[in-house]
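A.B. asks: Use the sequences and the hints to build the structure in full.
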Amino acid sequence: MKTFRDKDLQSLVGNLLRIGVIFAMTIVVAGLVLYLFRHGGEQAHYETFTDQGVFGFDKFFADLSSGRAGAIIELGVMALIATPIARVIFTMIGFWLEKDRLYTVIALLVLCVIVLSMMLGAAH
579 MKTFRDKDLQ SLVGNLLRIG VIFAMTIVVA GLVLYLFRHG GEQAHYETFT
629 DQGVFGFDKF FADLSSGRAG AIIELGVMAL IATPIARVIF TMIGFWLEKD
679 RLYTVIALLV LCVIVLSMML GAAH
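In terms of this note's numbering, the sequence shown opens at residue 579 and continues consecutively.
By construction, these hints were calculated from the structure, which means they are not laboratory data.
Treat the hints with caution; some may be incorrect.
[To be verified] In silico EDC-like links for lysine to aspartate or glutamate, alpha-carbon gap of 16 Å or less: (1) LYS585 to ASP678; (2) LYS585 to GLU676; (3) LYS677 to ASP586; (4) LYS637 to GLU652.
C.D. replies: Next up, the structure:
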């Protein structure tokens with residue numbers, strides 16, 4: 579059985595970050611092109627502010643399923659945010675496979691801090 583090496587972990591994490599950023603960028607650009615196609619000729623009215631309402635996952639998924647360009651761009655931003663979180667998770671799993679308990683616990687603590695800060699930030 580092949581053992582898991584540090585070089586394998588670095589390669590996996592590097593590819594994960596590269597693919598995650600390219601994936602997120604592709605989604606954002608697709609949403610931007612769709613937005614410009616639908617609203618590119620409209621006049622911007624900077625003197626008025628239109629409240630978009632409270633963010634909710636029900637509204638987000640409804641807008642996404644209807645093909646709203648703003649929701650597609652938001653999905654790309656969420657994918658971009660998820661990329662470093664996935665990096666921490668894969669790194670933690672890699673340290674666990676290497677049987678490096680100290681760094682596994684440190685990666686778990688980093689993941690807990692990220693999740694906690696996201697939850698507390700969403701409350702405000």
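A.B. asks: Is LYS585 close enough to ASP678, meaning Cα to Cα at most 16 Å?
C.D. replies: This hinted pair holds, its Cα atoms lying about 15 Å apart.
A.B. asks: Do the alpha carbons of LYS677 and ASP586 lie within 16 Å of each other, as the hint requires?
C.D. replies: holds (14 Å)
A.B. asks: Checking one constraint from the list: CA of LYS637 to CA of GLU652, max 16 Å. Satisfied?
C.D. replies: Holds. LYS637 to GLU652 sits at ~12 Å (cutoff 16 Å).
A.B. asks: Does the alpha-carbon distance linking LYS585 and GLU676 stay inside the 16 Å limit?
C.D. replies: Holds: LYS585 and GLU676 sit about 11 Å apart, inside 16 Å.
Hint compliance for this structure: no hint is broken.
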